[in-house]
Amino acid sequence: MYKECQIRIPSGCAIAAVISRKGEKMPGNLIKEAMVPMHERSNGLGGGFAGYGIYPEYRDFYAFHLFYIDRSIRKDCETFLKEHFEIIKAEVIPTRKIPSITNEPEIWRYFLSPLTFMLKSLQLDEKEFVARAVMHINTGMNGAYVFSSGKNMGTFKAVGYPEDVGDFYRLEEYEGYAWTAHGRYPTNTPGWWGGAHPFTLLDYSVVHNGEISSYDANRRFIEMFGYKCTLMTDTEVITYILDHLLRVQGLTLREAASVIAAPFWSTIEREKDISLREKYTYLRMLFPSLLITGPFSIILGFTGGLMALNDRLKLRSMVIGEKDDRVFIASEEAAIRKMEPDVRNVRAPEGGEPVIIKVENGAY
Amino acid sequence: MQINAKDLDHRQINDRIRDVRESVLIDGCLGQRFIAAGMSGKDIVITGTPGNALGAYLNGAVITVMGNAQDAVGDTMNEGSIIVHGNIGDAAGYAMRGGSIFVKGDAGYRAGIHMKEYEDKIPVIVIGGRAGSFLGEYQAGGIIIVLNLWEREKKIIGSFPCTGMHGGKMFLRSDPEDIVFPEQVTARPALKEDLLMIRSHVLKFSELFHTDAEEIMKGTFTVITPDSSNPYKQMYVQN
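From first to last, the protein sequence lines stand for chains R and P. One point on numbering: in the numbering used here, the residue at position 345 of the first sequence is 345, and numbering is uninterrupted. One gets the numbering used here by counting positions in the second sequence from 1 and adding 1000 to each.
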């Protein structure tokens, strides 16, 4: 079996999301159904979902989801986890045997709390400590891969069509206030379980449709800050860029959006608001290597919200609709209408225009 | 004849349309692509949301969508009409070479990209609302008309219109001042003889969507044509 980055296949994708502004819970099969009308956007080589608010009883602990290729690497990895975290709970993630999903690795879930003395001795804040642990496993332990590491959220992904991946992971048994989904049509790398979307770090998750042409420039820059791109897929680098800009650099979502989908210089020159013009110029000068070029439509999930963003030329489709407290995002309107036939205010955001939806009053 | 599109994929839908001699109603579409691709001589009405590439390579059939349509409507169509009562997604009329597309609402990005014409084959796109960025990108022929009848908050078109345009005509029902055009095109107020060219299309639009053609024609129109003495160079690489 080829893993990502052992072969490159030159060659579209489907994304969807839903969020309740009131923080009300929705079962995972809602988002799974949205992927059905977009079946042809995937080719069966990857599907996945991220659910937010799905682990309320363990909300204070980092929920790690891991793939292991065999038992021995699991033992090694668990030893590492025990040295760095208190393991509140360890279990196999429940799955359903279905003919369309095969060759599954061992799939485990851990609820973890960083060991306080480790944090103190390393002088790290908790999130940085966790991010480093994820990087350590994903780059240093061959055959183990952390594919989800946030609090009160979880990613579920596999090789297969997204609808089947949803059935495989029994998504209907989870309830979340926000969900994102992805159907993969890999263009550069073979489909491997780790290479399916969403890509995550801590509570950030990214689903992406497109193919960025700035991958290597972005990767070289971001790897200077301790991130390691192990999978040679462009979505991984987008995830790390957003983590770096939002968590480490402390930018707002809008600022981060105007770094990665920066307005053209010609657009900046015409901006009438001087403070905005200066801000865009400043951000472009400061983070030139984090400009993402080429087609993309992405949905970023984070604790309490979602952000949808297109590349500035809008080379991929993305549609947004609303009904009551719910906001829907998808590559195609049909997917939204599958979730909510009576959706209102259907619109397509402009290229480079971030659409940010947050759960009101922190009700998540 | 009525086809219930629920649980049918695009191939099954198209097979059933082919079996129908003339008019057909496709009910409850949800994302099925390529509907009526390459077809001629049919009158097709669609409810629900048809998928991408609706009426691709259309060769004479008439398609009416009661709601919104998605991306790449009328891709490379040759003849016939596509009438959309709602909005239309990106890249409508992609490489269109004949026939007409009428949209009551708004169009997404890149409407009329790569449109072309040859002798009496002159494709037409009429957009009742506004159009997104890159309208008429690489336009090589045909007529694009944007009427801006509904929304007033956003500009009639987005950024970078007519990028790479080297043929055909574009008509915008507005003053040209607010819009930045590339250097290789000429934008000027439409004259009487220019307006004669679009009159029949506006009449057809008004008949389809019950608007007042005379009222529409009274508005100010800007006409954009390529300036052949200053041809298009490049857009994507410099930035």
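Among the hints, erroneous ones may be present.
As the list claims (entries may be wrong) - Not everything, but these chain R residues come out facing chain P in the computed CB check (under 10 Å):
(1) V36
(2) P37
(3) P105
(4) R247
(5) G250
(6) S266
(7) T267
(8) R316
(9) I320
(10) K323
(11) D324
(12) R326
(13) V346
(14) E350
What the hints assert, rightly or not - Derived lysine-lysine pairs resembling DSBU-like cross-links, with alpha carbons at most 35 Å apart:
(15) R:K75 / R:K97
(16) P:K1154 / P:K1218
(17) P:K1154 / R:K279
(18) P:K1204 / P:K1121
(19) R:K279 / R:K89
(20) P:K1121 / R:K22
(21) R:K358 / P:K1204
(22) P:K1006 / R:K272
(23) P:K1218 / R:K323
(24) R:K22 / P:K1154
(25) R:K82 / R:K279
(26) R:K323 / P:K1155
(27) R:K323 / P:K1121
(28) R:K323 / R:K228
(29) R:K279 / R:K228
(30) R:K127 / R:K272
(31) R:K97 / P:K1121
(32) P:K1155 / R:K358
(33) R:K120 / R:K358
(34) R:K89 / R:K151
(35) P:K1116 / R:K22
(36) R:K272 / P:K1121
(37) R:K358 / P:K1154
(38) R:K228 / R:K151
(39) R:K127 / R:K358
(40) P:K1218 / R:K272
Hints listed in this document are in silico derivations from the structure and should not be mistaken for laboratory results. Note that beta-carbon positions come from the ideal geometry of N, C-alpha and C, so glycine has one too.
Results of checking the hints against the structure:
| no. | hint | result |
| --- | --- | --- |
| 1 | V36 | holds (8 Å) |
| 2 | P37 | holds (3 Å) |
| 3 | P105 | violated (32 Å) |
| 4 | R247 | violated (29 Å) |
| 5 | G250 | violated (28 Å) |
| 6 | S266 | holds (8 Å) |
| 7 | T267 | holds (7 Å) |
| 8 | R316 | holds (9 Å) |
| 9 | I320 | violated (13 Å) |
| 10 | K323 | violated (15 Å) |
| 11 | D324 | violated (20 Å) |
| 12 | R326 | violated (18 Å) |
| 13 | V346 | holds (7 Å) |
| 14 | E350 | holds (7 Å) |
| 15 | R:K75 / R:K97 | holds (25 Å) |
| 16 | P:K1154 / P:K1218 | holds (21 Å) |
| 17 | P:K1154 / R:K279 | holds (23 Å) |
| 18 | P:K1204 / P:K1121 | holds (18 Å) |
| 19 | R:K279 / R:K89 | violated (46 Å) |
| 20 | P:K1121 / R:K22 | violated (54 Å) |
| 21 | R:K358 / P:K1204 | violated (44 Å) |
| 22 | P:K1006 / R:K272 | violated (49 Å) |
| 23 | P:K1218 / R:K323 | violated (38 Å) |
| 24 | R:K22 / P:K1154 | holds (29 Å) |
| 25 | R:K82 / R:K279 | violated (45 Å) |
| 26 | R:K323 / P:K1155 | holds (26 Å) |
| 27 | R:K323 / P:K1121 | violated (44 Å) |
| 28 | R:K323 / R:K228 | violated (40 Å) |
| 29 | R:K279 / R:K228 | holds (29 Å) |
| 30 | R:K127 / R:K272 | violated (39 Å) |
| 31 | R:K97 / P:K1121 | violated (56 Å) |
| 32 | P:K1155 / R:K358 | holds (28 Å) |
| 33 | R:K120 / R:K358 | holds (33 Å) |
| 34 | R:K89 / R:K151 | holds (14 Å) |
| 35 | P:K1116 / R:K22 | violated (49 Å) |
| 36 | R:K272 / P:K1121 | violated (43 Å) |
| 37 | R:K358 / P:K1154 | holds (25 Å) |
| 38 | R:K228 / R:K151 | holds (22 Å) |
| 39 | R:K127 / R:K358 | holds (21 Å) |
| 40 | P:K1218 / R:K272 | holds (32 Å) |
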